[in-house]
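Trainee: Residues per chain, in single letters:
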Amino acid sequence: MCYFNGIKVSHTEYVRLKDLEVFVGKNGDGINCDLNQGPLYNQPYPVLKATDNGPELKQMEWGYIPEESKWPFLKTREEVAKWRFMYTTLNATCEGLFLNEKGKPSMYAGSAQYRRCLVPSTGYWEWRHLKQVGKSGKILKDPIKIPYHVIITDHQEDRPFYMAGICGTWVDEQSGEVVENFSIVTTAANELCAQVHNAKKRMPTILNEALGYEWMFGKLSKDDIMDIAKTQYSTDEMDAWTVSKGFQSAFNTREKFEYAGLPPLGSDEPFNPYQSLSLF
Amino acid sequence: MIPVNVEFDVDYNGKPIHIKSLDTAKGVIYVATYPGANDLYIHRATDAQGDHFWTSIPEGRQPAAERIGQMIEEYFHDHEND
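Protein chains in written order, with the numbering used here: chain E, 1 to 280; chain F, 1001 to 1082.
With the rest of the complex left out, here is chain F (with noise of 0.2 Å):
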């Protein structure tokens, strides 16, 4: 279970990024910022054997949604008792 509404940093190669969730009608969307680079957009979809797998929104930055989702999924579950 991913939260929803929340906003934290992630470490990324000693830098943060930050992460911003956005709640809409259609999904959780994750707003991943880092200085110097264009905002992520990404977002945990479903694919056609019915695991889930991160995806950047639009489409056009996989490697990038792949990487941040797990620093995502890692930063759950590293505070799931927060």
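Chain E extracted, bound-state conformation (with noise of 0.2 Å):
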């Protein structure tokens, strides 16, 4: 039994399915997929890999999976999801990939030496933490979290800019299942970065061409590869606009929406919905 968007289906359906991927790729406009969905694990992503005929655009799982035979040892789909609930793999920082945090060679060692890629896109979104104002005038205790969308302003489209990956390739022990996956790699953020994801102050790693080649199909020592993971977009060349709280089920999911007393970025002001207007 097979999968084809997350639905089980028979082995001729998925045969008959992959056959007509193949005619809207030679058919279609660019690689029609919508590159920047949300963390939505068991769904796959097209991401560029290094092959033996050059970068060749395969579909992974986002969501690193560590190879079966290391730790945490993950033998089949029960123990993934129930490890993914403890550990997120979505991203993987720059600083943590050769060693983690108690100075131990990291789970993403390997990847981050042999098996890096790129993961197109045409923009993300990120969340921006704002201290809010209740009716009565008072600050909440909770934050609200406004939605972004960022892009890279020349890369949008039909022309998507490339983010720093590392994949693996993990088995089902149970039924089988071989499941490339990734995880994105991340960097300190840029200043309008970190005025959108204030909280964590993190962007993606984004590479030019030049950068993108080297990191894929050079040979690199972990110092080169730590160089090129921890480079920052300049903030020049990108720009971020918010979008409605819903974005995820919207068909454009790009699509600028404005907030009623919404400080601009970079101010520390809190989020003023019920902010009274005045003539005077």
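Worth flagging that the hints you see were computed from the coordinates, not collected in a lab.
Nothing false has been slipped in among the hints.
No more than 25 Å apart at the CA atoms, straight line, and that leaves these computed lysine to any residue pairs for SDA-like: (1) F:LYS1026 - E:ASP19; (2) E:LYS8 - F:ARG1044; (3) E:LYS8 - F:PHE1053; (4) E:LYS8 - F:GLN1049; (5) E:LYS8 - F:THR1024; (6) F:LYS1015 - E:TRP125; (7) E:LYS200 - E:ILE151; (8) E:LYS256 - F:TYR1012; (9) F:LYS1015 - E:GLN248; (10) E:LYS245 - E:GLY137; (11) E:LYS104 - E:PRO72; (12) F:LYS1026 - F:GLU1073; (13) F:LYS1026 - E:GLN59; (14) E:LYS18 - F:GLU1066; (15) E:LYS256 - F:PRO1035; (16) E:LYS58 - E:PHE23; (17) E:LYS70 - E:GLU173; (18) F:LYS1020 - E:ARG159; (19) E:LYS18 - E:SER121; (20) E:LYS8 - F:GLU1066; (21) F:LYS1015 - E:ALA260; (22) E:LYS58 - F:PRO1063; (23) E:LYS104 - E:LEU220.
Reassemble the complex: the two chains are provided individually, in unrelated frames, and hints are given to aid placement.
Mentor: Below, the structure is given as structure tokens:
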């Protein structure tokens, strides 16, 4: 039995749907995929992987799974699902590619050294945390999270930019399912991204074409890898705008949405949706 | 029964999504075009239980495929006597 878009289908149907993918790939515009959806495990994303024939677009699962022979020795899908409740591997910090917080070898080390990939994107979403004013005019206990769409100004629509990624292959011992998976490398945020992702002040490692090629095909030392992984894209070449809180289910997930009472980026003022308007 | 070789608009939050069918050797694909978003290619497939479901082609946009697929079915239902 096979899965297509997370739904169980027969092998015959799977082959037919893959044939349709080939048709769309030849006749459609670009790779026809909303590249920037949220972290939904088990949903495949197109990732550029180095092969003997050059870069190839592969569908992979977002969320790194350590090889079954290494800690935490995940053997089945159920074990992976349980493990993912405790560990999030959607992103891998550049600082932790080779050594973890305890100074021991990181679970990402092998992939960082030997299995680097590029994740195409036309933009990503991040949440800005703000104190908010309640109806009574007092600051509420819980902050509000406002979603933003972040883009590279020269790379929109059909011109993706590339995020540094690391990938791996994991095999389910019970079903024999082979799962190619990846994680996006993150670095310290630039000025714009620090204002948007103000809780953690991180951003994806975004690479230009030359660095992207090096990242995938270069014979790099650990220091070289770390240097590229820490690349911080320039604020001047990026832009960000607010999107609706339900953007994940919108057909146009990038559509701008204005929030009344939202202070501009960089401001420490609280979000005040009840701000009264005065004509005087 | 879903017709082929059709072209129409469906309303999505007050804005039109243009739907166009493509009849291929392996089945009918519908292309949904919406301003500001990448075209969405969807197809009515059959799951392991024999039930139909809407899927994006290629994989990756399942929630959107299900929503637009539902809208296409509703459109055909409303216009079956046209």
